[in-house]
Amino acid sequence: MWRRRVLLIFWVLGLVLYALPVWSGEISIFPFSAIRKGMKAIGKTVLLGTEVQEFSLEVIDVVQTKDITDSYFVVLVTDEKIRSLGGILAGMSGSPVYIRGKIAGALSHSFETQDHLVGVVTPIEAMLKIWKEEEVLAPLGKETSVVFCFGMGNRAWSRLRERLGETYALRKVLAFPRLFPGKSEKQAASLEPGSAIGVQLVTGDAEIVSVGTLTLRDGDRFLALGHPFLHRGKAQYFLSLVYVNFSLKGDEFPFKVGTPIEIVGVVEEDRSVGIAGRFGVFPKTTEVTIGVKEGTRRRDFHFSAVQEEDILVDFLPELLLDAIDRTIDRQSPGSVDLKFRITGENLNLEDEFFWVSEPDIATFTSNTFRRILEAFLKNPYQPVNVENIALEVEVFPEIQRGWILSCDFPRIVKRGEIAAGKVTVFLYRQGIRDVSLQVTVPSDFAPGEAEIVVRGRGGSSGEPREGTFTADFQEYLNQKLDELRNDGVDLEILAKGSVPQKTTYTRTHVFLPFVLEGDASSKVWVN
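Positions in the sequence shown are counted from 1; adding 3 to them yields this note's numbering.
Hints were generated in silico from the structure; no laboratory data involved.
Please note: incorrect hints may appear among the correct ones.
Keeping only pairs whose Cα atoms sit at most 20 Å apart, straight-line, the calculated DMTMM-like set for lysine to aspartate or glutamate is [claimed, not checked]:
{"no.": "1", "residue 1": "Lys342", "residue 2": "Glu401"}
{"no.": "2", "residue 1": "Lys381", "residue 2": "Glu478"}
{"no.": "3", "residue 1": "Lys252", "residue 2": "Glu115"}
{"no.": "4", "residue 1": "Lys342", "residue 2": "Glu353"}
{"no.": "5", "residue 1": "Lys483", "residue 2": "Glu377"}
{"no.": "6", "residue 1": "Lys381", "residue 2": "Glu312"}
{"no.": "7", "residue 1": "Lys237", "residue 2": "Asp317"}
{"no.": "8", "residue 1": "Lys237", "residue 2": "Glu312"}
{"no.": "9", "residue 1": "Lys135", "residue 2": "Glu271"}
{"no.": "10", "residue 1": "Lys417", "residue 2": "Glu377"}
{"no.": "11", "residue 1": "Lys296", "residue 2": "Asp363"}
{"no.": "12", "residue 1": "Lys175", "residue 2": "Asp254"}
Cβ pair distances, simulated, as ranges [unchecked claim]:
{"no.": "13", "residue 1": "Arg181", "residue 2": "Phe285", "range": "19 to 27 Å"}
{"no.": "14", "residue 1": "Ala378", "residue 2": "Lys105", "range": "51 to 59 Å"}
{"no.": "15", "residue 1": "Asn370", "residue 2": "Gly298", "range": "18 to 26 Å"}
{"no.": "16", "residue 1": "Gln334", "residue 2": "Glu61", "range": "47 to 55 Å"}
Being a predicted model, the structure only gives us computed values, none of them experimental.
Backbone N, C-alpha and C fix where the C-beta goes; we use that ideal spot for every residue, glycine too.
Using the sequences and the hints, build the whole thing.
Shown next, in the form of structure tokens:
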């Protein structure tokens with residue numbers, strides 16, 4: 004009997020402990036079940052700089068369902084400050100709403116009325132479920148996040164806007180010139196409910212950020228927004244302290260324009276009722292450097308991006324496009340030499356490509372680099388944690404395309420030694436030129452009559468060559484990169500006869516700063 008009583012006591016204690024909140028007892032909550040129409044409420048947000056201000060609200064409706072995460076209440080802004088700015092601003096998402104001095108929820112978004120004065124509030128009990136790691140089943144609803152691209156040119160921003168619109172439920176992607184925060188004494192330690200924050204994906208020479216408001220702080224933990232950012236569940240985004248520069252009424256809705264001051268933490272949860280994370284802890288990043296050169300002109304760029312595969316594939320090609328555009332300051336045909344190095348945990352990949360594009364060399368380079376990233380980051384074998392990406396880009400205004408006319412190698416070549424020869428090419432608007440080549444004859448190559456073939460990789464279609472699937476990651480990667488390579492030539496040695504246990508065919512790629520078409524051959528004798 005006593006054993007049953009002990010087990011019962013522990014079972015009851017377990018239920019009590021499970022039911023206890025996972026936040027400190029200092030947080031005073033106004034329960035959703037007690038909210039009624041006509042109640043007065045106070046919201047907190049930043050309208051300029053970093054100073055938190057209060058604004059007045061009135062509850063005009065309460066929508067209660069079986070699940071708190073699917074419930075909400077509706078408020079009317081009665082504050083003249085907010086009215087004068089055009090109503091509820093994008094960037095006020097997460098503004099804590101208090102009733103009788105207790106937190107009741109977070110302003111999530113506004114109804115698209117003409118005056119933008121009616122807003123939807125996510126109950127705080129729903130947001131607290133993120134901390135308890137309970138499954139949140141609330142519907143996504145309307146697109147709510149506005150993303151700002153600071154310091155990006157119009158072309159790269161337009162492409163990024165289109166790509167993000169296809170992938171994520173974003174309300175708007177806006178571009179602004181690089182802004183700078185005003186003077187502020189605000190520090191991460193003094194962030195409070197109502198403070199302006201940024202959920203950031205890229206920082207450095209371009210800033211890609213969504214401005215919102217801090218809802219609740221419990222020690223080093225926080226809740227914010229009252230709606231999802233990209234709705235990716237588990238996440239690793241930068242959390243920034245933001246300075247609000249100004250507000251605009253906009254064509255469709257009013258919004259805050261804010262500049263990140265510093266990175267102060269990490270967003271770790273991106274759920275339908277809000278985001279959550281920690282202060283003083285920072286996400287894993289990929290450090291990106293891009294150097295672009297044309298003639299004597301050179302510019303260098305640096306970015307830190309969140310270390311997530313989809314984010315890197317979506318954003319880095321557009322950052323590369325913008326870096327090229329800003330350096331060469333034109334949209335035109337040309338050629339490009341791209342060297343890259345990608346490093347990380349047990350990872351070191353280096354390669355070089357040469358491409359030609361008659362419509363526009365910058366977009367061609369950006370698009371093809373995206374294919375390299377997709378092959379690497381979205382491989383079917385293993386996750387890849389990229390810590391550093393270094394790109395060196397040299398742009399040439401000339402179309403460095405050519406056609407192979409002939410090749411010449413010594414009549415006799417020796418196994419295990421280098422055979423030196425040349426290929427004669429006709430280069431676009433440059434005329435005929437001889438290019439020196441070398442190929443090593445394998446020591447086990449079949450003796451006798453053979454042929455050395457110089458084969459251009461340019462092709463007229465410009466489409467990548469498709470390979471067959473392989474079960475080996477490194478072989479897969481080499482094959483994917485080879486599919487995108489159209490620079491230089493392949494040097495092949497073909498034996499005329501079949502000799503048992505001897506090599507009868509070998510192929511070597513030789514990098515040249517040209518895209519060549521056609522092929523030529525030279526007969527040799529292998530000793």
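Flag every earlier hint the structure violates by its number, smallest first.
10
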